[in-house]
Amino acid sequence: MINPIYIVAIGLGTAFSLGLLRKLGKEFSFWVTIFALGAMAFISGHWLSAFLSHQITSTVITTAGGKAPFVIVFNMGMTEALFSFMVTMGAVFSGFYLHDRLIESGPSAMAVLLAGTMGLNGIILTGDIFNLFVFMEISAIATAGLVLLVSDFKALQAGFKFMLASGIISGLLLLGIIFLYNSTGTLNISELHSKAGVILKSGGVATYLITIALLLELKPFPANGWGVDLYEGAPSGVSAFIASSSATAAFFVFLKVLPLGGDISLRIAAAAGISTFVFSNLMALSYKNTSRLLGYSSIGQLGLLVGIAGLSKHLGDKTLMIILTLLGTHYLAKAGLFWLSGIVKNPNTDEWRSLRKSPVLFAFFGVFIFALLGFPPFPSFFGKWELIMGLVATKMYWWAGAILLGTMFEGIYLFRWFSRALKLQNNDTATPAVTIYSILPVVFFGFFLFYAGYYTSTFVPALRVMCLAPLLFILLLGLLDFLPAFLKNIISLAGVTAYIVYLWPHIQGNTFKIVFAGIFLGGAILALIAGFYRRGKHMGFYPMTMLMFLGLGILVDASNLLELFYGWELMTIGSYFLLIRGERSLPHGLSYLLFSLGGSLAMLFGFALAHASSGSVDLSALNHIRIMPALAYSLMLAGFMTKTASLGLHIWLPGAHGEAVADIHFMASAILLKAGVFGIILVLGGMGNTQPYAQKILFVLGWIGALTALIGNIGAAFQESAKYLLAWSSIGQLGYIVFGLASMTHLGWLAAYGYTITHFLYKGILFLLIGGVAFRVGTADMYKMGGLIKRMPFSFFAVLIAIITLAGIPPLVGFTGKWLVYNMILSKHLFYQGVVIIISGVIAFLYLFRLIHVIFLGQLKDRNRKVKEVYVWLLIPAYLMLTAIFALSMFPDMMLARLGRMLTPSFPEGALVWDGFTASSRYGTFNLQIIMAVIGATFAAVFLWLVFANRKAQKVKQFNIFYSGEAPSRPELTHYGYNFFAHYRKAVGFMATPLVTRFWDQLSQGLHGLSSYGRAIYTGNAQSYLYHIVAFVVVVYLLSAGGIS
Amino acid sequence: MNFDPMKIPWSLLGLVIVFTIGMFIRGIVPKITARAGMRIGIRFYQPWIDLIKHFSIQTSITHGVMFYLGPVFRLTGGVSMILFMPLIYGSWYFSNFAFAGDMVLFLYMMFFGTLGMALGAGESGHPYSAIGVSRGLAQVTVAEIPLVLALLSVAAQHNTLSITEIVAAQQGGISHWTMVTNPVATMAGMLALLGSMMNSPFNVVLAPQEIPVGPPTEYHGTFLGIMNTNRSIFPVAKVVFFMNIFFGGATNWGILILKSFIIYMWPVFVGLVFPRFRVDQSIRWFLKVPMLLGILAVALI
Amino acid sequence: MTEKKYPHHKVTGPDGAEFVVTPMEDYYCQERPQVQKSSNAVIEKFYNWARANSLWIVGFGTGCGAIEMRPLRTPRFDAYRYGVNWRATPRQSNLFIISGYLSVKTLKRVIRVYEQMQSPKYVLGLGSCTINGGMYWDSYNTIKRLDHYIPVDAYIPGCMPRPEALLDGFEELKKIIIAGEANGANLYAENFDWYKANQKKIIKNWDMPDYSW
Amino acid sequence: MIHIALAGGALLIFIGIWGMLTKKNIIRIIIGFSLFDTGLHVVLVGLGYLKNRTAPIVDADLPAKAASSQSVDPVPQAIVLTAIVIGLAVTSVLLVFALKLYQSKNTLDINKLRDNTND
Amino acid sequence: MKTLLTNLKKRHDITASKLQRNNELFVTVPNNQAVSLVTYLRDHEGFSHLVILSAVDWLEEEVFQLTYLLNNPELKQDIGVRTLVDRNEPVMESIHHLWEHSATYQRELFEMFGISFPTSPRMEEPFILEGWDGPPPYRRDFDTLKYAEETYFPRPGRTTNDVAAYMKEKLYPEDDND
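Residue numbers (our numbering), protein chains in the order written: chain A, 1 to 1045; chain R, 10001 to 10301; chain Z, 20001 to 20213; chain P, 30001 to 30119; chain B, 40001 to 40178.
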């Protein structure tokens, strides 16, 4: 093995020799630097690979045969090797990235970089606490030197503050070291660990000073103003270096020294770390400067890591894995983001829209953001999962809650930044200047994130390989993005088919899973068939679609909570990118993402409680949770209800869906929402209805369902845009399903399942065709359409059947849903909720009639005189679904009897009894076939008679109407379509008041207010920052003094 | 119970009888209202003449397929309601296809015709038709609230949704009628009935003074004839439904005619006394007393 | 046919294609009315009886005579009992009472409404003005002979005739209908060109299709 | 004696911190830092002092064998030496910043050397 | 009103004036001063309302007489401003900028008398006579009977009686003997 002392030697040697090589040119010096850094990285990498393959064990290397502190003692273990490798690789790529700046500043800057890296390596490797001090000072000075690369005023004063702060901090450290030495007589860290008992007795102040100094290095809230300014002021390559390499090293040493202080230090670390995480993310909310945002985020992430370290006793042997995944993600993503910010140059978040001009970089921007927030397949996802699981399992609920809250805050500003960059107009911005030096590190780290995610997941036994393998397929699709859309469509279809073939044996015989797999994957096939109408390339669409469908597939296939959550998050990412494709979807996409994030965090907490209660992550853990069951189930339900857009959590839906185009709208509404239903079914199935808390939850849930239906349908009646109308209608329909499920009766669940299936069918038709019509007509505003039945008869017919089904008018299958709801209401005596539900059903007529009338009937507008029928590729899936509706209407037992058999084990009471085609419950009966026969016969007879009687009828045109003896002047003025239910609004419009929207608006304003209030802390004045540091030391000491004495 | 082909002729006979009753009522009621206004009034067979005249119209125009389907939906809705309605309690011949469905079927069949009519009227391209439909739909959404509450109350009271069984439970004298056993629900239901019978004060849908005749503005001849046929069936079906639910049903045709006539006259009398509501006014009205009565009816179960 | 009210205009469709809209052809049916023949004499007789006893009047008062129709609905005259009723739409009416003088401007509307009625349809001319112009005999803007523009089944002379006269006119019309002689619609279809020529002679800005279906 | 050293060191530390926190001129702040640093060094040496012993310099007066019994603990001494060097480096870097800041804003007042464009 | 008249006389060439009632005055001004006079009346004398704008065809004098009838709602006074327009060249300045609704009067005058008000909005659109192509019908030289006989189809056999004689003959035939 190569002696790690060479790391230091190479660093120092090259740094000094650079001065001699001045004559050979700057370019040469640069490559020498990179090569030296590479060599250093090679050494630690070499050790790392040896450790990984278990060839060696940790060793202590002493140099010069003496004893510390007179000589340098290095400890080389697996973690040391890993951290050293990370730090050095960070330096390699930062150096590479800083090419232009280093060349400009000359070899001295390169020497500083080398010295800094050497110092960081020293911090990690050293076994001697005083040497630690020395190396820390070296790297601090080197960092200051790097900051000096720019003579920008901001950077200068940031560097000055940094130097002052680190001066004080290292003074404290030194003081602590000497006290420690005084009480223990040794400086060797390993020996110190063995003397922990002695330290605790007599070295309280010493360890406190050391711990607090190292903690201050990690910039805890609120004594971190200098740190934020440093991130903001330093050039982005340097910031990347600080955020990845320096922070990693500082954290490592903190981790190493932390046990010295015993429990009290752990507690300080936990409190300081988690509060830093929460507050720095809260602070970041009101900023738009990306460097500052990233600074806060880095500080927050480090705070989280510190907190985790402080909580390590509770997390047990998972601590290292959690820390490594979170730190690794932070390291890769933060470095990447800082590098990107150097490419974008403009520090305003909105200016990142210019990055869209180089799609590859933008894709990595997204990767970094999603990785930071712990989305799969990145390592932090697993870390976050284990973290929350571990904390909740040891009853650290508040800590877990605070961490989730902090993550939420982080999500708010990161997602806002990302989605604004994604959607704002970027015609007026310049293309970012990209060189090989700036792009290579980003690309490398980005890809490495994926690999790290994959690598981490191999350590997670709960995750099966089928959750990962399709990701490769999606990655492939992403690489094939240059192909024309129809080719990608075919490939995607093949992929979905293959997945179905894989999935079938897993779900065979499980009706529940078959239903949802049918909706998710059958829907995928239909959606992809519809996708053939697209022309051009449609970049980015297919990978994201496939990602969403994969997530949905995993959801169905999931055998444990982790897979469920994994699938859920994948689906969220995919669907976000689909929804955001609409033209004006920026705010709606963002609110979708935030609600999803909030929902998934709530779910995570719920899952953790389930896991804590049962000790396993199997789906069976959801059954009868014992620890805080009310909270657990409520959180999970709330999480899933963000997707079903139930009342209170619905405000993202109308906009997000309303702006989507036809087939995406179909996927989002007809398919995606069902994922929430799937989750609710799982949760309710686990919860049961016997416990008192369960009954309370169900009561609330039932009302939520009923009111959602009411508000959704009333909202739909007042929309002018057909798509918004359908989106609101989806909210209402999902309310029915939630209501049915909340009843916890056989009939209620039957109704809910029935609705789930039929809603998929009829809404699918509506979304595809109305979307198609809107596409043809060029607007979704209904009043601009009219009379289209003449141009689009096929669409009209399908839409007609769909709305008859939706309205629940016999003899089509929609009626069975209404019938079941009535019976369920009677059996559970849910009259008040029931009336709300039934009346919502009647209100559905309002918007349904409006939909079909204003679009298809009435007067044909001039500009639509020549529009063509909706694309045949949209008609094909619509008519397939139409066929299914007819089949189910003819043979409703095909669906209901089967579902009933599935439900009987869970709800043995009150099942439907099937006698031939007659279904009967305790209260009533229906025989859809006879109903259909009677209605059909009557209909046919009357129709034939009418046709015969009017066989000579004169076909007339649109203005051949009685217009009070006058002639209509223009179709626009003869079409009643705008504000169709004005009188209704006058009477019940108060129910359409966006109270919920207002609530969320006020909440967000409140948060931002709080955040900008916190700005007062960060005055930008070096002295205030020093005050903060001193005060932090004193206050923390006083707070923890009780524990020490 | 299973399907028996012999049901078909008997149901059709029942249908014809109901239609006759409907035509009769439609002759008598205007006569009564005329007398209330000190006029002589129409001949009681005038509806028949009008109907024949509609079918005797020689020319017709069509605005498209839905223009045909509107009246077809309308009449199918009305006829189906009768066909699924047990007309005479205890009679196999006139229980029609009641075994195929229950109260819920009936409630939703009511919309079959409404929706079809609305679509047909929409196809005609006449703005007044659309305005009429929008008014009608808005009004029906609230008129349904007390009705549904009342029906739920009755269904919970008798523990069944089946109309036949509800009628059966009311046999044995007037004291067993829902009217007596559940008076609040009956009141709520009867107030709801006002909203769906196209009588003042809830007839702004047709409002001849402002939107000629509402939805059927463009309809004529055979189309109108079919719709008028339905006007003799549909209201009777509704009335018979109310009779079955609240007033003990009928054991023979005489009782049926008597009861349905009395129930039919209720909205007529109200209409003679009260002027017309605007849509928003009628919505607010339904949300007050009728809805409270409905809630009370449910609460008292 | 002038194109003043409905000029041809260019329209850009949502897909960007431009095309010309010719309102007359695009908005209106251009067919001519056809003569309706009855198939069976017995049925036709029965039908005529029904038609005669169910006279639905289109609610269009053209001149001062409109005021004479109102009393017919009052208890004093009560035209309802004869099956006479008023409808707000010509689609459902079969009787058109031209109640008084017709200015050229009103005539245009009258023609439209008349053509929108379905046959068999009947016209009663109420008052002298419809017969020969009455007191407007020398007016520059009032038509003099209604039957030159639309077929008239019966006239009720007077200036103005009282409601009783109108009731008598209904009775007269009933007799004509029952006798099967009220063939106004067919007459109009047979002599369509003649009627149109007369109409167009005085309606100078003819901006509607020849037959308003 | 040792108490005087420790007390003096602590005094220096507090004066240094006071200077850093209250002075507006950055040169004075740096001087404050220097005082703070020096105080630390005094405390360091003071803590390492053992009564009646000599400096741990192995020479003619102090043979290597007797070093462990007659001299004070050499470790703090070594630490102080290193710390002084490092303190010097830090001070010089601070001075470089001060110089550059002065060059860019022509002032040494810390309140004027603020940049509040944090948005 | 008299003070008003004297006041007006100072400003404009009032060619004739007539005090119809205590609160109603008619003045006649030359063609080119009419608009300035009504403007003055509107802006300074409180005659804020244009009641009517009408015309009389003085066929014999070959002039049209226009009357702007203004009302002062405060003092409840009316003033009629008369002016004469040459019948052979009937063009008058428009006052639609003073009262928007005067455009409608001017349209009517154009249609009925052929008096043109250039710049008045929608001047050429038919007002009540749709598609009229004859001479302006209110001109006294327009022979309505002749026009009606030529245009409409007069029913033959119509006779005209002297009303008084006819009624006497029909209603009180016995009086003839006297």
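It is worth saying that the hints were derived from the structure and are not from the lab.
Be careful, since some hints might not be right.
As the list claims (entries may be wrong) - Not close to chain A: a few residues of chain P, all C-beta gaps over 12 Å, as computed:
1. HIS30003
2. ALA30007
3. LEU30011
4. ILE30057
5. ASP30059
6. PRO30063
7. GLN30070
8. VAL30093
9. LYS30105
10. ASN30111
Stated by the list, open to error - According to the in silico footprint, chain Z covers these stretches of chain R (three or more CB under 8 Å from chain Z):
11. 10041-10051
12. 10089-10100
13. 10213-10223
14. 10230-10239
Claimed, not checked - Taking lysine-lysine and the BS3-like style, the derived pairs with C-alpha atoms no more than 30 Å apart in a straight line are:
15. A:LYS955 to Z:LYS20037
16. B:LYS40146 to Z:LYS20201
17. P:LYS30024 to P:LYS30105
18. B:LYS40146 to B:LYS40076
19. A:LYS986 to R:LYS10288
20. Z:LYS20045 to A:LYS957
21. A:LYS288 to P:LYS30105
22. A:LYS955 to Z:LYS20105
23. A:LYS957 to Z:LYS20037
24. A:LYS318 to A:LYS395
25. A:LYS868 to A:LYS957
26. R:LYS10007 to R:LYS10031
27. A:LYS952 to Z:LYS20204
C-beta: ideal position from N, C-alpha, C; glycine also.
Q: Compare the distance between the alpha carbons of LYS40146 of chain B and LYS20201 of chain Z with 30 Å, and conclude whether the hinted pair is satisfied.
A: Measuring from Cα to Cα gives roughly 16 Å; hence the hint holds.
Q. Going straight from one Cα to the other, do LYS957 of chain A and LYS20037 of chain Z come out at no more than 30 Å?
A. With Cα atoms ~25 Å apart, LYS957 of chain A and LYS20037 of chain Z stay inside 30 Å; holds.
Q: Could you check that no beta carbon of chain A comes within 12 Å of the beta carbon of HIS30003 of chain P?
A: Non-interface label stands for HIS30003 of chain P: nearest chain A Cβ at 15 Å, farther than 12 Å.
Q: Confirm or reject the coverage of the segment 10230-10239 of chain R by chain Z under the rule of 3 or more residues with a beta carbon closer than 8 Å to the chain's beta carbons.
A: As far as the segment 10230-10239 of chain R goes, the hint is violated, because 0 residues have Cβ atoms under 8 Å from chain Z.
Q) Are LYS288 of chain A and LYS30105 of chain P close enough, with their CA atoms no more than 30 Å apart? A) Judged against 30 Å, a Cα distance of about 26 Å means the pair holds.
**Q.** Cβ contact check, 8 Å cutoff: the segment 10213-10223 of chain R against chain Z, three residues minimum
**A.** Holds, because 7 residues of the segment 10213-10223 of chain R bring their Cβ atoms closer than 8 Å to Cβ atoms of chain Z.
Q: Determine whether the non-interface label on ALA30007 of chain P survives the test: each CB of chain A must be over 12 Å from its CB.
A: ALA30007 of chain P clear of chain A: closest Cβ-Cβ about 15 Å, beyond 12 Å.
Q. Taking the closest pair, is the beta carbon of GLN30070 of chain P still more than 12 Å from chain A?
A. It holds; GLN30070 of chain P is separated from chain A by about 18 Å at its closest Cβ, greater than 12 Å.
Q. Can the restraint linking LYS20045 of chain Z and LYS957 of chain A be considered satisfied, given a maximum Cα separation of 30 Å?
A. Outside the cut-off at roughly 34 Å; violated.
(Q) Check the hint pairing LYS40146 of chain B with LYS40076 of chain B against an upper bound of 30 Å on the C-alpha distance. (A) 45 Å, violated
Q) Straight-line Cα separation of LYS30024 of chain P and LYS30105 of chain P no greater than 30 Å? A) 15 Å, holds
Q. Do the alpha carbons of LYS955 of chain A and LYS20037 of chain Z lie within 30 Å of each other, as the hint requires?
A. 19 Å, holds
When the structure is compared with the earlier hints, violations turn up for hints 8, 9, 10, 12, 14, 18, 20, 26 and 27 and for no others.
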